[in-house]
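A.B. asks: Each chain is listed here by its residues.
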Amino acid sequence: MNPTSTAGSQLGQPNATAILFFLLFVGVTLAITYWAARKTKTTSEFFAAGGGVSALQNGFALAGDYMSAASFLGIAGLVALSGFDGLIYSVGWLVGWPVVTFLIAEPLRNLGKYTFADVVAYRLKQTPVRLSAALGTLTVVSFYLIAQMVGAGNLIHLLFGLSYEVAVVIVGVVMILYVLFGGMIATTWVQIVKAVLLLAGASALAGAVLYRFGFSPVALFKEASQQYGAQVLAPGTLVSNPLETVSLGLALMFGTAGLPHILMRFYTVPDAKAARSSVFYATGLIGYFYLVTFILGFGAAVLVGRQAITGVDKGGNMAAPMLAEVVGGTGFLGFISAVAFATILAVVAGLTLSGAAALSHDLWSSVVRKGQAPEHEQLKVARLASLFLGVLAVVLGVVFKGQNVAFMVGLAFAIAASANFPALLLSMAWRRFTTQGAVASMLTGSFSAVLLIFLSPTVQIDLLKNTTALFPLKNPGIITMPLAFFVGIAVSLLFPEKESSERFAEVKHRMHVGAGKAAAAPVTPVPSVSPGAAPRPTATKA
Amino acid sequence: MSEPSRNDALEALASSRWRVAAALTVATLVAYFGFILLVAFNKPLMGQQLIPGLSVGIVLGALVIVTAWALTGIYMLWANGRYDRALNPLRR
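Those sequence lines, one after another, are chains A and L. Sequential numbering from 1 applies to the first sequence in the numbering used here. Sequential numbering from 1001 applies to the second sequence in the numbering used here.
To be clear, the hints were calculated from the coordinates, so they are not data collected in a lab. A portion of the hints provided could be inaccurate.
[What the hints assert, rightly or not] Calculated cross-link-like contacts (lysine to aspartate or glutamate; reagent style EDC-like; alpha-carbon spacing at most 16 Å):
1) A:K39 with L:D1084
2) A:K273 with L:D1008
3) L:K1043 with A:E499
4) A:K125 with A:E502
5) A:K273 with L:D1084
[Stated by the list, open to error] Partial pick of chain A residues on the chain L-facing surface, computed with a CB cut under 7 Å:
6) V91
7) V99
8) F102
9) L210
10) G214
11) V218
Where is the CB? At the ideal position from N, CA and C, for every residue including glycine.
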């Protein structure tokens, strides 16, 4: 069962420290879940932690949601194997965050309740808008989940030597426990614990590497360029087609502002001020993490060696764990492996919760029950939806075993940037936006992104082994995002909606002032969101 | 304060927020796509080493990351300070 046989390496062996750290993490997070479950009695607590998360806590949780095992292991591997090019990725993954801060965070916090559809549907007709928004959310969440689950199976197989299926089931079961019982309160704390562990682990590893180079990253880069040539410090083959890169860049930049599990986190803080501060903390933490990962990649190239890294995994994913073993022995390897596992768990929990919100809040409570469902029923449906999505994630993880799913994260970002972001921005900024415009924009964004990815070289040539692809770009963002904006604007102008533009003043007021004076949320009003109210009872302290 | 003047004040604040947000978004776009286009079209420059081991590309890449963070910081300071202070009297 063990995939690795590098002489002397404990990688892929059931490693006592790894298992110990992993059990410790699962034990602590399940204890948090038990504590959170007792505090989770309403949908507001289940989906938004009762709005009682502080800005700093949410900053860590946002970073936890975003820093996946793929970015930790994948970028370190990419840097180890191709040097500078990994930095292009890191920069791309980070630049979406300022956009989230400037355009999305606080209007979203002020206008919505649990999902981004709350904001889009605010002054529009509930049913059609919720249906299309839920479609966008569930497509993004599904592709992102498949990528994470398949990645989880492979990584845990490599790290611990467990079989792929066992790994996927373990991830699924633990994640379901968090979400089902602890809701957003547990998920938030799992993200915080994971973010702290990941940042501490990566920092310690980088510290151990830099210690050998007199704490000078430049000395490390110099050593790498002496071993592998000066080209490791210069752009390589990653950017060969500028149009392709710009298209990917657009998807990354605006896709972050359309990721349902990220958007959902802004409802967990008490007000707009905390929302914007939390993105500032998150951006700092994520940026720092990417810079550290860059150092880890060079460290692995110099101290482990490219040949040894590709000997274990062609994609270079094991660069960081192997580096940990070289600088800190089996114990450190175990710690880093457990951190990678924890990282996967936390990310899939956040995704599942946001999918469950779309299913229960957007589809069940708003569309099926027209806002008439009593609280206990909403909570029950929310839990059923979490269980369903958790099981689905495990099934999809097993079904997609052995498939190349790396493109699915890019796809999720492309759909988020095309289906969710344009409708969200237009609903907040443009008076004449209409129900038909929103529906047309979201559906166009979803379908055009999926279709163009299906016709792209990634699917046609890499997966289906055809010789040509109808659509030349791997990422369709440069076409689909402007298209979704165009369709949304054109359809709104063609079919004006009087009520929508009349209610824009109300949207504007609430978007800036908060929920105090204007009417409460359109569906199932919450009385407890007036800004002057006392701090809501929730989980702010562990 | 009478209703119309409250509305005017809010209107002015709202447009100032969108202006600041749009300007900072454009700044982020310029920093990021400037970096990407340099990577795409001027590889020799990006590979040039300022001191042995430190290439222009690495410095600029790290700078984009720091700039992105700094821009969110500028927004936060502006919004938590001036913007919120102006907004407070409009809250009830």
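A.B. asks: Go through the numbered hints given earlier and state which of them the structure violates, listing their numbers in rising order.
C.D. replies: Numbers 1, 2, 3, 9, 10 - these are the hints that the structure violates, sorted from lowest upward.
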